[in-house]
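There are 4 protein chains.
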Amino acid sequence: MTANEVECLIREGVPMADDIGFKVDEVRDHFARTRITFTDRFVRPGGTISGPVQMALADASMYAAVLASLGKVEMAVTSNLSINFLQKPAPGDLRAEAVVLRLGRRLAFCEVRLFSGGGDEENSEEQLVAHVTGSYALPAKRD
Amino acid sequence: MTANEVECLIREGVPMADDIGFKVDEVRDHFARTRITFTDRFVRPGGTISGPVQMALADASMYAAVLASLGKVEMAVTSNLSINFLQKPAPGDLRAEAVVLRLGRRLAFCEVRLFSGGGDEENSEEQLVAHVTGSYALPAKRD
Amino acid sequence: MTANEVECLIREGVPMADDIGFKVDEVRDHFARTRITFTDRFVRPGGTISGPVQMALADASMYAAVLASLGKVEMAVTSNLSINFLQKPAPGDLRAEAVVLRLGRRLAFCEVRLFSGGGDEENSEEQLVAHVTGSYALPAKRD
Amino acid sequence: MTANEVECLIREGVPMADDIGFKVDEVRDHFARTRITFTDRFVRPGGTISGPVQMALADASMYAAVLASLGKVEMAVTSNLSINFLQKPAPGDLRAEAVVLRLGRRLAFCEVRLFSGGGDEENSEEQLVAHVTGSYALPAKRD
Numbered sequence: 001m002t003a004n005e006v007e008c009l010i011r012e013g014v015p016m017a018d019d020i021g022f023k024v025d026e027v028r029d030h031f032a033r034t035r036i037t038f039t040d041r042f043v044r045p046g047g048t049i050s051g052p053v054q055m056a057l058a059d060a061s062m063y064a065a066v067l068a069s070l071g072k073v074e075m076a077v078t079s080n081l082s083i084n085f086l087q088k089p090a091p092g093d094l095r096a097e098a099v100v101l102r103l104g105r106r107l108a109f110c111e112v113r114l115f116s117g118g119g120d121e122e123n124s125e126e127q128l129v130a131h132v133t134g135s136y137a138l139p140a141k142r143d
Numbered sequence: 001m002t003a004n005e006v007e008c009l010i011r012e013g014v015p016m017a018d019d020i021g022f023k024v025d026e027v028r029d030h031f032a033r034t035r036i037t038f039t040d041r042f043v044r045p046g047g048t049i050s051g052p053v054q055m056a057l058a059d060a061s062m063y064a065a066v067l068a069s070l071g072k073v074e075m076a077v078t079s080n081l082s083i084n085f086l087q088k089p090a091p092g093d094l095r096a097e098a099v100v101l102r103l104g105r106r107l108a109f110c111e112v113r114l115f116s117g118g119g120d121e122e123n124s125e126e127q128l129v130a131h132v133t134g135s136y137a138l139p140a141k142r143d
Numbered sequence: 001m002t003a004n005e006v007e008c009l010i011r012e013g014v015p016m017a018d019d020i021g022f023k024v025d026e027v028r029d030h031f032a033r034t035r036i037t038f039t040d041r042f043v044r045p046g047g048t049i050s051g052p053v054q055m056a057l058a059d060a061s062m063y064a065a066v067l068a069s070l071g072k073v074e075m076a077v078t079s080n081l082s083i084n085f086l087q088k089p090a091p092g093d094l095r096a097e098a099v100v101l102r103l104g105r106r107l108a109f110c111e112v113r114l115f116s117g118g119g120d121e122e123n124s125e126e127q128l129v130a131h132v133t134g135s136y137a138l139p140a141k142r143d
Numbered sequence: 001m002t003a004n005e006v007e008c009l010i011r012e013g014v015p016m017a018d019d020i021g022f023k024v025d026e027v028r029d030h031f032a033r034t035r036i037t038f039t040d041r042f043v044r045p046g047g048t049i050s051g052p053v054q055m056a057l058a059d060a061s062m063y064a065a066v067l068a069s070l071g072k073v074e075m076a077v078t079s080n081l082s083i084n085f086l087q088k089p090a091p092g093d094l095r096a097e098a099v100v101l102r103l104g105r106r107l108a109f110c111e112v113r114l115f116s117g118g119g120d121e122e123n124s125e126e127q128l129v130a131h132v133t134g135s136y137a138l139p140a141k142r143d
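So the protein sequences, as listed, match chains L, A, Z and R.
Position 137 (the first sequence) corresponds to 137 in UniProt numbering; numbering is contiguous.
Position 28 (the second sequence) corresponds to 28 in UniProt numbering; numbering is contiguous.
Position 126 (the third sequence) corresponds to 126 in UniProt numbering; numbering is contiguous.
Position 16 (the fourth sequence) corresponds to 16 in UniProt numbering; numbering is contiguous.
It cannot be assumed that every hint is accurate.
A pair counts as met if it fits within one copy or between any two copies, since identical chains are not told apart.
In the SDA-like style, the derived pairs of lysine to any residue whose C-alpha atoms are separated by at most 25 Å in a straight line are [unchecked claim]: (1) Lys88 - Asp29; (2) Lys88 - Met75; (3) Lys72 - Glu126; (4) Lys72 - Gly118; (5) Lys72 - Gly117; (6) Lys88 - Thr2; (7) Lys72 - Asp93; (8) Lys23 - Met75; (9) Lys72 - Arg28; (10) Lys88 - Ala76; (11) Lys72 - Arg113.
These aren't lab readings, by the way, just hints derived from the structure by calculation.
It should be emphasised that the depicted structure is a prediction, and the values quoted were computed from it without experimental measurement.
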């Protein structure tokens, strides 16, 4: 599947992915690079992009990496997800990199890193803002 | 704080909480009982309420239990969250119970259970659909 | 299986269980109550029972609850485990309660609570010292 | 601290580290490379190195990376640990790589990967057998 096909499948199938403006920039076997564009709507008082928005980005990114590895997998659903928020994201775009660390017959175990910053501004370095691991349950019969 | 005050604070402060129609039914020290009303908008193909919607409910519920224990805590943010999806929820309301298991000076560790079903229909039993643990980081100075 | 049978099976099969003097006090469907007796050998400088000893107790307790639910299951192995250390245990015995929250065909999802204190001494209250969730992978064919 | 100093401190201070023959091969800021040598004593029926042994290796490795970053930190203790067992290790040595992803004032968040295989034998490739994340709580005052 192409990055665009993965993005469309996820945005149609996962309600929150469309809400957060999820974009898939690159896919290859066991890997997906994605992002969401910042809007005020995601922000908590204090300026932090809310936890659930970051969780939705991570979940959609894992799914993208799974689709990139297996092709169109209907009925794959999240089995578990664990997120550690390491620091407050800057009020800008968030990007993610998802890797499938283990592709079993029934479960795909993934790792996702969420990054913030690193734009054009002076002195702007990208920061690791959250670290995520999770599993997608894969349907029994697949093409 | 009353259940209504907790609900308003969370719905104003947490973007996704308002999106999912988060309601707080009961609060007491170290505990909150909450729910979201089912709408088609939450649903993935196959009829499952999406993972991120359940994560948002769990996160808001933990926050409700923390507020119920500490009063209005500005700037409390999620430190980490871990969710296990145990079975597909029925296409109906989801309710949650959040307990603060450990209230430290800097971190509140919580457990949340998400339940589905148990409505008026015949043969309808409530099921545990997801189990969540997580921590909220508490600000250094508090009233 | 009886509590004694479960204890023997685990102590023979799991190296660390025997090292920590793992005991099974009670089993019933979806549940096991267990403990380890305190020895200096478990203790870190500062007097805390070491993390790995608590992890071994939690893992063996989950396995006990799984055996209590399914009978003798060869080749069941830990799929994942997540532990939160909530406070330092008192320098005494640790006891655990493990519950199977979801018994699927391929995975058993469990919750374990570790308790400390509550002995005969004056003013001694039992404390929740750690909270654990985890999954055991179950073999495909079972009696 | 040198790799040897880190190894000695951990083996003296953490009971299980000495039991499993924990060795530190390399340390640098935010990183430690470690291993344990295989013995039959670690093995479950079926030949798998037991879960708790892998957990002890991961925990000690995180601690090594923290010590490598901060120098000798007394009273640092594990706050939480989460392990995913990805495949059965070969019956041989296990090695680990631990990285400190975020070094805060109060918590160090780490990632550890456990590897198996990759010895001298023909056709022997190293495999990722477990993935771990965890946090160490750091004492308030440090040199």
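Hint check:
Taking the shortest Cα distances, lysine 88 and aspartate 29 sit within 25 Å of each other only across copies (23 Å), while inside one copy they are farther apart (31 Å). In this assembly of identical chains, lysine 88 and methionine 75 lie within 25 Å of each other by CA distance solely across copies; the values are 11 Å between and 33 Å within a copy. In this homomeric assembly, lysine 72 and glutamate 126 never come within 25 Å of each other (Cα to Cα): the closest approach is 32 Å inside a single copy and 30 Å across copies. With identical chains, the CA atoms of lysine 72 and glycine 118 are never at most 25 Å apart, being 32 Å at best within one copy and 34 Å at best between copies.
Neither within a single protomer nor between protomers do lysine 72 and glycine 117 lie at most 25 Å apart by alpha-carbon distance, with minima of 32 Å and 31 Å respectively. Taking the shortest alpha-carbon separations for lysine 88 and threonine 2, neither the intra-copy value of 32 Å nor the inter-copy value of 29 Å comes in at or below 25 Å. In this assembly of identical chains, the alpha carbons of lysine 72 and aspartate 93 never lie at most 25 Å apart, being 28 Å within a copy and 30 Å across copies at closest. In this homomeric assembly, lysine 23 and methionine 75 come within 25 Å of each other (Cα to Cα) only inside a single copy, at 21 Å, whereas the closest approach across copies is 29 Å.
In this homomeric assembly, lysine 72 and arginine 28 come within 25 Å of each other (Cα to Cα) only inside a single copy, at 14 Å, whereas the closest approach across copies is 43 Å. In this assembly of identical chains, the alpha carbons of lysine 88 and alanine 76 lie at most 25 Å apart only when taken from different copies (12 Å versus 31 Å within one copy). Taking the shortest Cα distances, lysine 72 and arginine 113 sit within 25 Å of each other inside one copy (23 Å), while across copies they are farther apart (30 Å).
Violated hints for the displayed structure, listed by number in ascending order: 3, 4, 5, 6 and 7.
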